[in-house]
Amino acid sequence: MDPVQSLVKGLADKYGRTRESLLPVMQGVVQQEKYLSEYSMVEIAREMDIPASDVYGTATFYSFLETQPAGKFIIRVCKTITCAMKGKNQILFSIQDMLKIKVGETTPDNRFTLLETNCLGWCHKAPAMLINDEVYTDLTPEKIREILSGYIKKSI
Amino acid sequence: MAYSYQLKRVDFIFKNENNWEKVLATTIKKKPEEIINELISSELKGRGGAGFPTGLKWKLTAEAKAKNKYVICNADEGEPGTFKDREILSRVPYKVLTAMAVCGYVTGAKEGYIYLRGEYKFLEEELNKAIEEFHYYCQETNLDFKVKIFMGSGAYICGEETALMESMEGRRGEPRNKPPFPTQAGYMDGPTVINNVETLVHTFTIFEYGAKKFYDLGVQYSRGTKLFSVSGDTPKPGIYELELGMSLQDFVYEFGDGDTKAVQVGGASGFLVPRKKFNDTAIGYQGKLVGISLPTGGSMMLFNSSRSMFNVLDNYLEFFREESCGQCTPCRVGCQQLLLGIKAVKRGEKPASYLEKLLRLTETMQYTAKCGLGQSVANSFSSIVENFREEMIY
Ligand SMILES: Cc1cc2nc3c(=O)[nH]c(=O)nc-3n(C[C@H](O)[C@H](O)[C@H](O)COP(=O)(O)O)c2cc1C
Ligand code: SF4
Ligand code: FES
Chain A
1 MDPVQSLVKG
11 LADKYGRTRE
21 SLLPVMQGVV
31 QQEKYLSEYS
41 MVEIAREMDI
51 PASDVYGTAT
61 FYSFLETQPA
71 GKFIIRVCKT
81 ITCAMKGKNQ
91 ILFSIQDMLK
101 IKVGETTPDN
111 RFTLLETNCL
121 GWCHKAPAML
131 INDEVYTDLT
141 PEKIREILSG
151 YIKKSI
Chain B
1 MAYSYQLKRV
11 DFIFKNENNW
21 EKVLATTIKK
31 KPEEIINELI
41 SSELKGRGGA
51 GFPTGLKWKL
61 TAEAKAKNKY
71 VICNADEGEP
81 GTFKDREILS
91 RVPYKVLTAM
101 AVCGYVTGAK
111 EGYIYLRGEY
121 KFLEEELNKA
131 IEEFHYYCQE
141 TNLDFKVKIF
151 MGSGAYICGE
161 ETALMESMEG
171 RRGEPRNKPP
181 FPTQAGYMDG
191 PTVINNVETL
201 VHTFTIFEYG
211 AKKFYDLGVQ
221 YSRGTKLFSV
231 SGDTPKPGIY
241 ELELGMSLQD
251 FVYEFGDGDT
261 KAVQVGGASG
271 FLVPRKKFND
281 TAIGYQGKLV
291 GISLPTGGSM
301 MLFNSSRSMF
311 NVLDNYLEFF
321 REESCGQCTP
331 CRVGCQQLLL
341 GIKAVKRGEK
351 PASYLEKLLR
361 LTETMQYTAK
371 CGLGQSVANS
381 FSSIVENFRE
391 EMIY
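Residue numbers (our numbering), protein chains in the order written: chain A, 1 to 156; chain B, 1 to 394.
Keep in mind the hints are simulated off the structure, nothing from the lab.
It cannot be assumed that every hint is accurate.
Stated by the list, open to error - To spell it out: a stretch of chain B is covered by chain A in this simulated footprint if at least three of its residues, at any positions, have a beta carbon under 8 Å from a beta carbon of chain A; those stretches are:
(1) 46-54
(2) 77-83
(3) 120-126
(4) 246-257
Said to hold, decoys possible - Below, simulated PhoX-like cross-link-like pairs (lysine-lysine); rule was C-alpha separation at most 25 Å, straight line:
(5) A:K14 with B:K148
(6) B:K15 with A:K125
(7) B:K8 with B:K276
(8) B:K29 with B:K65
(9) B:K30 with B:K110
(10) B:K129 with A:K14
(11) B:K29 with A:K143
Keep in mind it's a predicted model, so treat the numbers as computed, not measured.
Backbone N, C-alpha and C fix where the C-beta goes; we use that ideal spot for every residue, glycine too.
Generate the whole structure from the sequences, applying the supplied hints.
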């Protein structure tokens, strides 16, 4: 068994093989692999006996179930109204400036992916962003430099 | 007409979590009918936005005949400007679990789920610890009820109750036709109570203090307290528990920055109220005799005069266009066309009268869209375009 196969099998053993387990299984793959490759979706379909097209159709519905290759750290900057009013654009500029990527892109070393997302539920501390599951609020360009430097050190 | 009402701060929701064992033990000594009647007489209405009477919801599910029934706590909290459910789950999780267990006792459900939005994954670990402890207590007291967390994966529409159930069943989060309502056939076709996080905590307050205490707060048709998520141009953004029924003017006195131009009540799917209407607007469920009553899931966003209402509407429409599940045409195409339309008017490619066409489109969406998302786009669209027409054009 290759790593993807054993990952999928392990998740199916843990959550079950009925349709209700599809999201937890896909989430488990994304947690590990950062995205659902075509290969892993076919593997999930086989392991759970669900049509591959259904797996694909379900995966593409959810914005947190990436189907494109993504970096180790996925940055999601909130672009909804309060964050937009409180300086989201400056935040994006500082991130783009530091990482040299645009929204939707991944750094060549596969460490960071930059995305925008909708309201994160921290509007009283806008602007806000997620890096993987971690929340960062009351952002300023200075704070961004600090936070990202931390991640850059972490991932070397 | 001016309101004489004052803002009334209250503190029930975040208080006395430690009482949960006692509240649970004493409540499930009562008969299910007694608990339902208590909830009905409190006049508690759902805090997730739609305002359905909670006692009636529990009653319908209790009366439904089926082997497997379910209790779901809706913690998808995706409406722009709402952040109170996260606070409840991180500060008083045992209140939520207690309320779910009582609901299970009343309806005959043995399984409960918390549908937690993917953006709140950082809460999962702590919440699971609370659930473990709670299960231990249930075991000790022979209460047959188990709770599990189901993680969402980034989709606003999954807050809609039937889309949420589709999602839990492993499919795309596309809303179902109603009827049947979840109380008859919900998750896995079993009768299901689905309640917002805050609604559940209010039931806890009612179990703890009795229906009368709750009923005595607020105003006619809008009883009790509500958690408000206050954000935007305000010196004190945050979460506040207030009595229902306040006038928007009083709210702005308290939370405005002295230059408040408009307040968005109820998030992107709610209404924008301009300054001149603050006095005639009350916060509560429909049915008040004087002025306009606006319901809200708690989202209150303030805008001062430095903000362009065109940008605000543009941001909302972008949100809806992305979050529309795409299942029905009026909403899928409607959201796209509204967005293109206002941009075309702004650039002068379409005459100002084109706005009327767009307003008619939102009306069509209100009548023909399948779920609350598409139906409620008209709320913010018409309230912004009608009150700030110049800003849309120039
Ligand atoms: C597009 C849309 C999104 C919704 N999002 C949520 C949500 O995030 N949380 C919530 O509790 N209810 C949400 N609702 C309302 C639910 O469908 C449902 O009415 C509610 O969970 C019932 O609980 P309540 O009676 O306690 O309010 C949403 C409705 C629609 C149409
Ligand atoms: S109204 Fe919009 S969100 Fe609702 S079912 Fe139709 S397309 Fe989906
Ligand atoms: S608008 Fe950004 S967190 Fe709500």
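Results of checking the hints against the structure:
A count of 0 residues in the stretch 46-54 of chain B with a Cβ less than 8 Å from any Cβ of chain A is obtained; the coverage claim is therefore unmet, three being the minimum. Remark: the stretch 77-83 of chain B is confirmed as covered by chain A, as 7 of its residues place a Cβ nearer than 8 Å to a Cβ of that chain, reaching the required three. For a cut-off of 8 Å, the count of residues in the stretch 120-126 of chain B with a CB near a CB of chain A stands at 3, and the three-residue condition holds. Given as covered by chain A, the stretch 246-257 of chain B fails the check, having 0 residues with a CB less than 8 Å from a CB of that chain where 3 are the minimum.
A C-alpha spacing of about 14 Å is found between K14 (chain A) and K148 (chain B), which places the hinted pair at or below 25 Å, so the restraint holds. Between K15 (chain B) and K125 (chain A), the direct Cα distance comes to roughly 24 Å. Compliance with the 25 Å bound is thereby established for this hinted pair. For the given pair, K8 (chain B) sits about 23 Å from K276 (chain B) by alpha-carbon distance, which is consistent with the 25 Å threshold. For the hint linking K29 (chain B) to K65 (chain B), the alpha-carbon distance of about 23 Å falls within 25 Å, and the restraint holds.
Our distance criterion of 25 Å between C-alpha atoms is met by K30 (chain B) and K110 (chain B), whose separation comes to about 18 Å. At most 25 Å may separate the alpha-carbon atoms for a hinted pair to count; K129 (chain B) and K14 (chain A) meet this at roughly 19 Å. The suggested pairing of K29 (chain B) with K143 (chain A) is violated, with an alpha-carbon distance near 53 Å, which exceeds 25 Å.
In summary, the numbered hints that this structure violates are 1, 4, 11.
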